[in-house]
Amino acid sequence: MTTIETPAPQPSGTLSPGSRLFTLASRYGTFVAFLALIVFNVAVTPNFLSWQTLNVNLTQVATIVIVATGMTLVIATGGIDLSVGSLMAIAGALAPMIFMGQFWQVENMAFAVALAFLLPVVVAGLFGLFNGLLVTRFSIQPIIATLVLFIAGRGIAQVMTNGNLQVFRNEGFQFIAMGRIAGIPAQVVLMTVIVALTFAMIRYTVIGRQIIAVGGNEKAARLTGVPVKRVKLFVYMISGALAGLAGLVVVARNSASDANLVGLGMELDAIAAVAVGGTLLTGGRANIIGTVLGAFVIQLVRYTLLANGVPDAAALIVKAGLIVLAVFIQQRADKS
Amino acid sequence: QVPKLEQKDTYKVGFAQTESNNPWRIAQTNSMKAEAEKLGYQLVYTDAAGSAAKQVADVNSMIAQGVDVIFLAPREEKPLIPAVMAAKKAGIPVILLDRSVDPSLAKAGEDYLTFIGSNFVEEGRRIAEWLVKNANGKSKIIELEGTTGSSPANDRKKGFDEAIQAAGGFEIVASQTGDFARDKGRQVAEALLQAHPDADIIYAHNDEMAMGAIAALEAAGKVPGKDVLVLSIDGGKEAVQAVVDGKIAAVVECNPRFGPKAFETMLRYAKGETIEPMIINDDKFYDASNAAAELADAY
Amino acid sequence: MLLSMQGVSKAFAGVAALKSASLEVEPAEVMALVGQNGAGKSTLIKILTGVYRRDEGSIAFDGREVDFSMPAEAQGAGIATIYQEINLAPQRSVAENIYLSREPKRFGLIDHAAMRRGAEAVLKTFNLSIDVDRPVAHFDAATRQMVAIARAVTQKARLVIMDEPTSSLDEREVAVLFETIRTLKRAGVAVIFIGHRLDELYAICDRVTIMRDGQTVAKSPMADMPKMALVRHMLGKELAAFQAIAPDEDAPERPVRLAVENAGAGVRVRDVSLDVREGEISGLAGLLGSGRTETARLIFGADKMQRGTIRMDGRARTYREPADAIADGIGLVSEDRKIDGIVPDMSIRENMTLALLPRLKKAGIVDRARQDEIVTRYIRALGVKCASPDQPIRELSGGNQQKVLLARWLATDPRVLIIDEPTRGIDIGAKSEILKLLRSLADEGLSVLMISSELEELLAAADRVTVLSDGTSVATLPRKDLSEAALLSAMAHQVE
Amino acid sequence: MHTLLRPFAIKSSGDIARLGVLLALFGLILFGALRYDNFLSSYNILSFLRYNSMFALIALGMAFVIITGGIDLSVGGTAAMASVVAALLSPWHWAAGLLGGMAAGCAVGALNGFIITKMRIQPFIATLATMLAAYGTGLLIANNQSVSVSYDSGFTVIGQDDFLGFPIPAWIALAAYILGWLVLEKLPVGRHVLAIGDGEATAGLMGLKVERTLAAVYLASGTLAGLAGVILASQFGAGQPTEGVGWELFAIASVVVGGTLLTGGSGSVGATLAGALLLAMVFNILNFENGLGWISLSAYWQSVIRGAFLLVVVVLQAKLMARHRSA
Ligand SMILES: Nc1ncnc2c1ncn2[C@@H]1O[C@H](COP(=O)(O)OP(=O)(O)OP(=O)(O)O)[C@@H](O)[C@H]1O
Ligand SMILES: Nc1ncnc2c1ncn2[C@@H]1O[C@H](COP(=O)(O)OP(=O)(O)OP(=O)(O)O)[C@@H](O)[C@H]1O
Ligand SMILES: [Mg+2]
Ligand SMILES: [Mg+2]
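Protein chains in written order, with the working numbering: chain A, 1 to 336; chain B, 1 to 299; chain C, 1 to 496; chain D, 1 to 327.
Bound conformation, chain A alone (with noise of 0.2 Å):
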């Protein structure tokens, strides 16, 4: 898909029809390299046809696509945050001990339920508040910024639960990723609504479009009068919570917390999804659509693998190809 915020100048009506149905074929680069990995494997993959493998890779999808949204955001302001997976991973520690009556004895367990939804939430906002503040109060590069919880975050997470591995079961917080809504599971419902309501602030709010001047020209920005220091604190919250949630999501997957391991590597997942959904790293872009359908390709890809029994060395490699080919199919896509 193309960016959102500024569809590309309608040509003049001199193209001649074929043209223009290879211009917006190639628009529309991530979708095209989406659809081939689905030819391919209707092909190729045993049993790809199949509502469980829908339902499979949808649910694995559903926290790439959650985290990779809060990071579309960020990296629309021209910043990055590496710190998602910790986050998670602290989220994913907090809650359980919430239910499981480690700070306080748990008298209502909807209410510690409802609580263990809430406040590992809110805590992951918070320290994606803190990025944010070093960032805008003291102009810290957002690497670097973020780079400090994603090595700090993790110890967090560990240090709450000495490392240890926290088994349980709930069905009422379990809910988020075991249940179903309408026959929908309950992730794939709350990815959605999450996208859909980040798409909607960026095409149609106004802090959505302040985002995206905050990535395109800061200076500029401020000079108009755009809050540029609320923006940041603003995506990288956003951020912060989404990973948050997403942590969440897994551990109830799980039923089981790891403090060592929810997460990891999660950052590089989410930035891989918005960059080959087209939204650049420099920022002033972001294609929420775009994201979604990069996390798509980076999940198939990993199923195709997977299904296909190629071994882990050479799947890296594929992987790699495949990231390179889809960013760069996408960017000829823009140019025209």
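Derived from the structure by calculation, the hints contain no laboratory data. Just to be clear, a hint being listed does not mean it is correct.
[Unchecked claim] Cβ-Cβ distance ranges computed for the label pairs, FRET-style:
#1 A:Arg230 with C:Glu253: 40 to 48 Å
#2 D:Val315 with B:Arg257: 41 to 49 Å
#3 B:Asn136 with D:Met119: 49 to 57 Å
[To be verified] Looking from chain A toward chain B, a few residues come up when the C-beta cut is under 7 Å (computed):
#4 Val56
#5 Thr205
#6 Ala307
From the three backbone atoms N, C-alpha and C, an ideal C-beta is built for every residue, glycine too.
Since the structure of chain A is provided, determine the placement of chains B, C and D with the ligands on it from the hints.
Okay, now just chains B, C and D with the ligands, sitting in the frame of chain A:
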């Protein structure tokens, strides 16, 4: 020859851990710390965070700090040789825990004192042997490997695959890495079960991935233990409980509680005893027949 | 013939920027290249130097067919270029910028001392004595422009191209530049000179090539082309006379809207006092580096004010952020549109309404219908040449970008509009339009603070002019006392 | 100002940050020397230098990349792959191992340059992909396990022996840094690297060969990573396909702590070295602190402390720079 160890009231000992990102390692570290505390020794603990190179640097900093003994849980066989040699040169005896170093380059009783631990190849072989006897006609195996390139992953695969091949009649339909992690293990199992719906055995290189695989099976509407046999290695409490519940068919223990045996060996050496070159933990084996009884003792 | 470009065409995303344009330059002549904003002048230059690839056409330089694929090649072939948006490496020192890509060397290593000496020497010929070790970013637009010129003229090129080199220079600098051009000419170097100020063109150029809508419409010796004819070729129609903008001389004193009292910050702005009255255009004059831009930024809250007071309608105000000033009805069209103005990837629509956004919302959501209405209105009112409002602003020509930025502030319906070099890079047709527009807005009650290096412009439009010298306001001249001589003597006040 | 003093003149906020990192480094050394026995023992110093020279090399390449406004995430994977290549070639001749490893790094660097300049893909994504590819290739040719080097061909001398009482890897790193300093400060190409970081488009308009310079910078970064891989293989006696995880972040942090902005256009070779040593020193201090036995730090606290330390350093630096700017 291995450097001598004086007999003293208290010691400053070094423990160079390779990483602490899984429950097994954490149990091992805790056991070492607890034992050192019990004996009143000063423990210099380092964590190499999964890097063999850093582990060598860690050992060097222990040498610089003048420890009496070094317990080393080498991340890998070959890259840790320089650490062993440096300690020898500095006159500090080294005891290897849970993984060994390349025998062609360093020898027990010469370059380091001894190796205490399990044999990963053997673990894979034991679980395979159980399977050969108890397969009940099941034959299509999905293997969830540990972290690519790590020695337990390589060895547990080697032992299992060789034994299965030798027995005949089994087929490994897919073998992919799950990084020793529950979440990754689950995701990989989900994908593989889709591509190979006829698979009826899952062999996971550790408990965490086995638990992930069980979640994947349940999500796919299959009954672990009935439709699909799940096999695992490590034998932590959660896994043994799963054996009791019938979800895991069998698990080989790989006990992380090294503390008592490690310090006991060290003291024996200080007293002047000759130490055998290899001390193999007697690891338990859990299946439906003994799991309930042994549950309380599982780590 | 030194350069011959024939039948050059270029389209961007299907929109033609050049349609079979041509340009011929002889050795040792100064060729004026003129045309309205968006006529295709810069594009033609960029095609010549290999920034863009042409769709059609041929280029011969020095008798040989050439096809440069990047500026480095054109430079190697003997073409030095000063592009319209000043192109220097901001964090590198002045000396390094002048010698970048042809550093003086000793034993294979850069000879920093020689470089410094060389840079100081060439800048001295421009009457500029600055610390050549300081990064270029520390200097204002005019100084940077001079550095870019110094860089180009020291390249020992056969052809020097200057795309609007004087747009940020004051008259003294312009005089120095012209002297340099004459020296180049004497050395047999040809110059292509792009500019919108007709007097300058007549003063320095030998011949003129006129472009309109991507085509070359006229070529002639400068002397044979009367001003009126030139303008007619450029616009394709007669120009409504460039006067009658000036206000009535004995209009009654109107109440002060914005008062700046003894403002100061750092060393750049020492002590500035000025008034901007309701319905008046107030001018701010001064030499290069006298602190006009900095004063504007202080008033607007873009920089922190350390001393002094600002009063709006008599009440003392503190603006910590531009947003505060904007909320009070102040707007600032900044001097450097590339750095402080446009958001390059955003569309014209978005750029135009950026400052207005908070007021365009209903429950946080942008009111698209109102946005469209405003955008269409201003595109038409200012004659912005674009394919559609959804076009990214970076694709517009320099002058058209400036119009969009002006519209950005007009759309906020400000009570005070500060405008730093309002007509920089704007063609003569649009220029008088803009000045007229400002006048009529003032008549409706808007207060304008106009910073300009063009005395002619100030004389034509301002009701009063405050003169800055070395960060201090040294005089305020009312309309009746305004004259070029008066301004110049006030500006020279402390310098001499 | 006297010309001799010119190099020490504080002209930009970057200089201030560079001064800051040196002060922090000395502060930390002083802290260690006062608090721990044997901290300044030659054994500790030499093994510290031997080990950290690998990171110093990588940080040097990263500094150049970051000065152009780019980033190279592939260095860790490249070093791992190069170590495998070097180990596999070491039985032939020590030089085969050395050159082979460097060539492997060079190849990844060339690939990075190609993807970035010809396919115009952003460095972050391009090098993220080549990082994956380098790890994959390393694992493939190593058959998923560490590869022993030859102990007979003299290959291990590179990493394990000393020359004039100093570890050879430290000499190599020192030489690389001197060369790097020369290139950046004294050769035109260094100025071009800086100018490109200031603005690629502008640099192109000023007649610089942007693509070629960028490609050269990534090539250099890859080659230095390859060299680090050779040292890795030689020092530890094995090519290690799974080593190198997180090295890129260490290198980036070193460069930034050394006062270089990720936005490009400025940077210093010397300060990068100081930055790398500073961050490495934190690990060393943590190991010694554990040895004191006052507080037994778990691995978790260590990462919290490392993060906090990074925070303190960059916040202090930011404050210094802000003060300088307003002064
Ligand atoms: N990169 C680009 N992409 C799309 N359109 C462009 C691009 N560059 C220029 N154009 C279009 O080409 C036309 C000619 O622009 P050009 O910059 O050459 O004008 P100009 O004569 O230099 O005007 P000015 O006097 O305002 O600088 C304009 O309509 C402009 O919008
Ligand atoms: N020729 C020069 N020599 C030394 N410094 C200069 C020169 N020109 C500008 N500067 C620097 O710029 C500062 C003032 O810049 P400022 O942009 O405020 O002035 P200005 O009057 O708006 O100039 P302009 O004519 O470019 O708009 C001076 O204090 C000085 O540091
Ligand atoms: Mg132009
Ligand atoms: Mg100015």
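Here is what the structure says about each hint:
Distance hint for A:Arg230 and C:Glu253: a CB-CB separation of about 42 Å, consistent with the stated range 40 to 48 Å. Between D:Val315 and B:Arg257 the Cβ separation comes to about 43 Å, which falls inside the hinted range of 41 to 49 Å. A hinted range of 49 to 57 Å holds for the C-beta pair B:Asn136 and D:Met119, which are about 55 Å apart. This hint holds: A:Val56 has a C-beta 5 Å from the nearest C-beta of chain B, less than the 7 Å allowed.
Taken as an interface hint, A:Thr205 does not check out: its beta carbon lies about 34 Å from the nearest beta carbon of chain B, beyond 7 Å. With a least beta-carbon distance of about 4 Å to chain B, the hint placing A:Ala307 at the interface is held under the 7 Å criterion.
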